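Chemist: Each chain, letter by letter, is given below.
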Amino acid sequence: MNKMLKLSALAVAGVAFAGMTSTAQAVDLNVVSWGGAYTASQMNAYHKPYMKMHSDVKINSLDYSGGLAEMRAQTESGNVTWDLVDVVLSDAITGCDEGMFRPIKIDEEMAKAPDGTPASKDFLEGTLLSECFVPQIIYSTVFAYRADAWGGKKPTTMADVFDTKNFPGKRTLQKKPVNNLEWALLADGVPLGKIYDVLDTDAGKDRAFAKLATIKKDVIWWTQGAVPPQLLADGEAVFGTGYNGRWFSAIAEEKQPFAMLWDGQVLDIDGWAVPAKGKNVNAVMKFMKFATDTQRLADQAKYISYGPARKSSGPMVSKHATLGIDMGPHMPTKYASQGFLTNFAWWADNGDEMTERFNAWLLK
Amino acid sequence: MANDTTADGVVLAADGLPLKASLTRAMRKSRIRALLLVTPLFVFVLFSFLIPIFDMSMRSVDNWHVGTLMPETTKALENWDGKALPEEPVFAALMKDLKAGAISREIGKVGTRLNYEKSGLRSMITSSARKSKKVKEGPYKPIVLKMHKRWKELETWTVIKRNTSKFTIGYYLNAVDMKYDNKTNDIVMQPEDRQIYSTLFLRTFAISLAITLICVVLAYPISYLLATLPTRYSNLLMIFVLLPFWTSLLVRTTAWIAMLQSQGVLNDLFVFFGFVDDANRLQLIHNLTGTIIAMTHILLPFMVLPLYSVMKTIPPSYMRAALSLGANPVTAFVRVYMPQTLAGIGAGSILVFILSIGYYITPALVGGTDGTLISNQIAYHMQTSLNWGLAGALGVLLLFSVLALYMIYNKIVGIDNMRLG
Amino acid sequence: MALPSYAGPLETTWYYTFRFICACIFVFLITPILIIIPLSFNVEPYFTFTQGMLSFDPDAYSLRWYEDFINNTQWTHSVKNSFIIAIASTILATTLGTLAALGLSKPHMPFRALTMGVLISPMIVPLIISAAGMYFFYSSIGLDQSFLGIILAHTVLGTPFVVITVTATLVGFDNSLSRAAANLGANPTTSFFKITMPLILPGVISGALFAFITSFDEVVVVLFLAGFEQRTIPRQMWSGIREQISPTILAVATILVMISIALLTTLEILRRRNEKLRGLTPG
Numbered sequence: 000m001n002k003m004l005k006l007s008a009l010a011v012a013g014v015a016f017a018g019m020t021s022t023a024q025a026v027d028l029n030v031v032s033w034g035g036a037y038t039a040s041q042m043n044a045y046h047k048p049y050m051k052m053h054s055d056v057k058i059n060s061l062d063y064s065g066g067l068a069e070m071r072a073q074t075e076s077g078n079v080t081w082d083l084v085d086v087v088l089s090d091a092i093t094g095c096d097e098g099m100f101r102p103i104k105i106d107e108e109m110a111k112a113p114d115g116t117p118a119s120k121d122f123l124e125g126t127l128l129s130e131c132f133v134p135q136i137i138y139s140t141v142f143a144y145r146a147d148a149w150g151g152k153k154p155t156t157m158a159d160v161f162d163t164k165n166f167p168g169k170r171t172l173q174k175k176p177v178n179n180l181e182w183a184l185l186a187d188g189v190p191l192g193k194i195y196d197v198l199d200t201d202a203g204k205d206r207a208f209a210k211l212a213t214i215k216k217d218v219i220w221w222t223q224g225a226v227p228p229q230l231l232a233d234g235e236a237v238f239g240t241g242y243n244g245r246w247f248s249a250i251a252e253e254k255q256p257f258a259m260l261w262d263g264q265v266l267d268i269d270g271w272a273v274p275a276k277g278k279n280v281n282a283v284m285k286f287m288k289f290a291t292d293t294q295r296l297a298d299q300a301k302y303i304s305y306g307p308a309r310k311s312s313g314p315m316v317s318k319h320a321t322l323g324i325d326m327g328p329h330m331p332t333k334y335a336s337q338g339f340l341t342n343f344a345w346w347a348d349n350g351d352e353m354t355e356r357f358n359a360w361l362l363k
Numbered sequence: 000m001a002n003d004t005t006a007d008g009v010v011l012a013a014d015g016l017p018l019k020a021s022l023t024r025a026m027r028k029s030r031i032r033a034l035l036l037v038t039p040l041f042v043f044v045l046f047s048f049l050i051p052i053f054d055m056s057m058r059s060v061d062n063w064h065v066g067t068l069m070p071e072t073t074k075a076l077e078n079w080d081g082k083a084l085p086e087e088p089v090f091a092a093l094m095k096d097l098k099a100g101a102i103s104r105e106i107g108k109v110g111t112r113l114n115y116e117k118s119g120l121r122s123m124i125t126s127s128a129r130k131s132k133k134v135k136e137g138p139y140k141p142i143v144l145k146m147h148k149r150w151k152e153l154e155t156w157t158v159i160k161r162n163t164s165k166f167t168i169g170y171y172l173n174a175v176d177m178k179y180d181n182k183t184n185d186i187v188m189q190p191e192d193r194q195i196y197s198t199l200f201l202r203t204f205a206i207s208l209a210i211t212l213i214c215v216v217l218a219y220p221i222s223y224l225l226a227t228l229p230t231r232y233s234n235l236l237m238i239f240v241l242l243p244f245w246t247s248l249l250v251r252t253t254a255w256i257a258m259l260q261s262q263g264v265l266n267d268l269f270v271f272f273g274f275v276d277d278a279n280r281l282q283l284i285h286n287l288t289g290t291i292i293a294m295t296h297i298l299l300p301f302m303v304l305p306l307y308s309v310m311k312t313i314p315p316s317y318m319r320a321a322l323s324l325g326a327n328p329v330t331a332f333v334r335v336y337m338p339q340t341l342a343g344i345g346a347g348s349i350l351v352f353i354l355s356i357g358y359y360i361t362p363a364l365v366g367g368t369d370g371t372l373i374s375n376q377i378a379y380h381m382q383t384s385l386n387w388g389l390a391g392a393l394g395v396l397l398l399f400s401v402l403a404l405y406m407i408y409n410k411i412v413g414i415d416n417m418r419l420g
Numbered sequence: 000m001a002l003p004s005y006a007g008p009l010e011t012t013w014y015y016t017f018r019f020i021c022a023c024i025f026v027f028l029i030t031p032i033l034i035i036i037p038l039s040f041n042v043e044p045y046f047t048f049t050q051g052m053l054s055f056d057p058d059a060y061s062l063r064w065y066e067d068f069i070n071n072t073q074w075t076h077s078v079k080n081s082f083i084i085a086i087a088s089t090i091l092a093t094t095l096g097t098l099a100a101l102g103l104s105k106p107h108m109p110f111r112a113l114t115m116g117v118l119i120s121p122m123i124v125p126l127i128i129s130a131a132g133m134y135f136f137y138s139s140i141g142l143d144q145s146f147l148g149i150i151l152a153h154t155v156l157g158t159p160f161v162v163i164t165v166t167a168t169l170v171g172f173d174n175s176l177s178r179a180a181a182n183l184g185a186n187p188t189t190s191f192f193k194i195t196m197p198l199i200l201p202g203v204i205s206g207a208l209f210a211f212i213t214s215f216d217e218v219v220v221v222l223f224l225a226g227f228e229q230r231t232i233p234r235q236m237w238s239g240i241r242e243q244i245s246p247t248i249l250a251v252a253t254i255l256v257m258i259s260i261a262l263l264t265t266l267e268i269l270r271r272r273n274e275k276l277r278g279l280t281p282g
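Chains as they are written, first to last, in numbering that gives the first Met the number 0: chain Z, 0 to 363; chain S, 0 to 420; chain A, 0 to 282.
Same shape as in the complex, but just chain Z (with noise of 0.2 Å):
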């Protein structure tokens, strides 16, 4: 670690000096992201290293809570602000898709491994799954549980935390039916390979909203990723999905006594997008080849326990940068087996008619 940190700054150094000889104008990159721990750890892992290396680039982090409402009013609008967006895959494939971002040629403009392997197949299977889109790290929405909770008992599969009899208490889940009606099914005895097959017919869906009902009156729903672990912490709720980053850092830094579930875990894909009318494309694309490389990729890991998204960044996933645990068994990837990824193209069809029904059954 050391030997590669003593490498890194002489890297840095050594662009810093070719930085300052050249007579590049100065640019201002907008690049915004989700915010708090991950922020940091992007600032850390990449972008604090990429402005020692540019002295004539400022990278300005700005926050937002995702979605796609502020990059299309800005593209209707014309007057793009950003130039640089975090995005989840499922809004990286809309925004695709009606023009709000800019197409990349990933073997072209992104960085080769170390082994002078191409990007295209150096990225994880099955992530580049947007010709907008450059995946970063994967990460994976999953249950934790008060290990406190039921003396000796530990739930082990997705049937349990709908099981309120022999684990009673409030469950958390988020207030949308991506994933939920996937556990639904999970617990209700549905093999991983089949949900999306049984969720496409109309009495897949009833067999979901059914198995969902059953523990309706012990959830309490969330909409902010920062509530759950709160709401485990203050004991008001037993068990809690969450995003396995906020997890980790209950468990590892605060030092709650949760443990997580990791079976029926939804794996997800988190990267770049370009917005296709901003006004520093060159400069975001001379970014985005460094920040996307195996070194800085895996430096992230560093920070914040999600995956990094290529093959070669994976075996230099070391320790935490501060509490210098082994960050490996704290990687969703490591359990892909019991999880399985969402389907975006199910989603992108049903998602407007499954959440006015979701809508509509939280009122009943």
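There are no misleading hints in this set.
Short, incomplete list of chain S residues facing chain Z, as computed with Cβ under 8 Å: (1) Ser-103; (2) Glu-105; (3) Lys-108; (4) Gly-110; (5) Thr-111; (6) Asn-114; (7) Tyr-115; (8) Ser-118; (9) Gly-119; (10) Arg-121; (11) Ser-122; (12) Asp-192; (13) Thr-198; (14) Ser-261; (15) Thr-383; (16) Leu-385.
The calculated SDA-like cross-link candidates involving lysine to any residue, where the alpha carbons are at most 20 Å apart (straight line), are: (17) Lys-174(Z) <-> Thr-368(S); (18) Lys-111(Z) <-> Asn-281(Z); (19) Lys-108(S) <-> Glu-130(Z).
No lab work stands behind these hints, which were simulated from the structure alone. Quick caveat: nothing in here was measured; it's all calculated off a predicted structure. Backbone N, C-alpha and C define an ideal beta-carbon position, used for all residues, glycine too.
With chain Z held as given, fit chains S and A onto it using these hints.
Modeler: For chains S and A alone, coordinates are given in the frame of chain Z:
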């Protein structure tokens, strides 16, 4: 003073012109001056407020997507009878549009628009556009039919044809839980498990009504007390009404969260006095109860102030007269005092009602699942689902209910003013 | 309504019951606002009183949430933004609103009712609808995520209050005063600043205060129009409540309560001054 009138009796002003003309001119001048003073604000309100709202209401009927992004298909479908799948010319036109749309990268908007009326059309459009890049030559019908299974469904074409028109009432149908039947093109109710907006509108009205009633009940005694106490006491007590009135909405909402949450002040008190035990603290927030308590608190001053100002004008001698004529206190109060306060109750109630049906912040923060109102749904469609047409339609419906109420308010307050004047 | 000496036992009971009911309602109105003040000094990150606080243990109280507020750049940034936006929109709203009120009060103003309706419409339309309209329109002309956009939006929302308060003061304004000034040789500008302005000033100032508090307290429009750079105090409180509840919000809330007390006092002084001035002008 001799030249004040001319020979034929016309009164002249100091400058020698006929007084009547001079007066007219002065009046015109004053009218123009008045207009000039009002114009800047009028223009400002027009541009920064009324036009935006008009723009929003246009979005609720605007249906440009298919017509603009699929112009060829739109033209080719003009004469389609809707009885069977269209023929090759339509498919050729469709292929042209898909290719153009794939290059301009805007075809996804058509997919999004059509998907509102039939689930599944989004991926049909986007995937077909992607595949269209590789298509060289026709006949296109078999090629397109193979691209996605939904192209073979008659319903798909009915939906496309219906949305070639520039305007739609589709969003309004959606906003009142109705839809087009894609087989027959008739307007029908949504299936029951998707009916949400009419429920929400009704609930918004019911909650607003409940809050209004609670406000009347709470405001009446304290307004009466304030109106009948000597000024130096009532001025002091008025602070209890005015301080909440002037305190930030978010501060008051925060305060209620501190009061009501399960580890909050009120539950602690209940546990301390043994009303509830520690394990079963009451759920007072993130539900309907929380919304009603917090909103009543926030809107109560809007009821007290008009009620107080009306009560202040009622001479105490009326009540005394009734009492001295032998009415018992309750009868005197109900038959003599209360009728005179009706105008105040009316004005306050409509004000509170108007404010509460448009409320957003407090329900969003303390409402949970069953305490959210229609405005929260509007915000959801603006920021999350991005269905701006539906947000516009819901907004216009809400706007019209508020305007109707405002007219009633105007009438009541107007009558009130006349009585006072 | 003191209790008359001849009151019977029933009336006495009712008299005290009534006063008790009123006291309860006043408690309901004021408690939530007062309760956050001691809670903001809690040393623990809780929203309720700890044992230590109840036994007045000085160690249970601290200024840590105030320190947190001062040292957090997001909060200080939002304070700056709130003042910039509120002051700018107050100046604009007061100027435009006062001019319009002067025009509306002229005896020969044509289409008065209609104009008045248009001018006060921003007050009647539910905020969520105003915000939605402005969001669509302002972003289509590139005014979203900019200070200018929010200032313009807040100006529109504040003008009805200025128009209403200034028009109300002008109702009691005696036009013969400015005519007398004109007779005595004052030009219109002099007469406006020497005669009209001092008399309507209380109305203008209370209108300005309303406009200020409207902007200072507004969050719905900010939610839609503001980018991260334009976050105001209420916007910051909004995300504080939704995302991570920390008693820092209570510290901010306490400061805001102090500001509203100051505003309330100013308004009361103005009201008295206005009454005194009105007393001077003949009915």
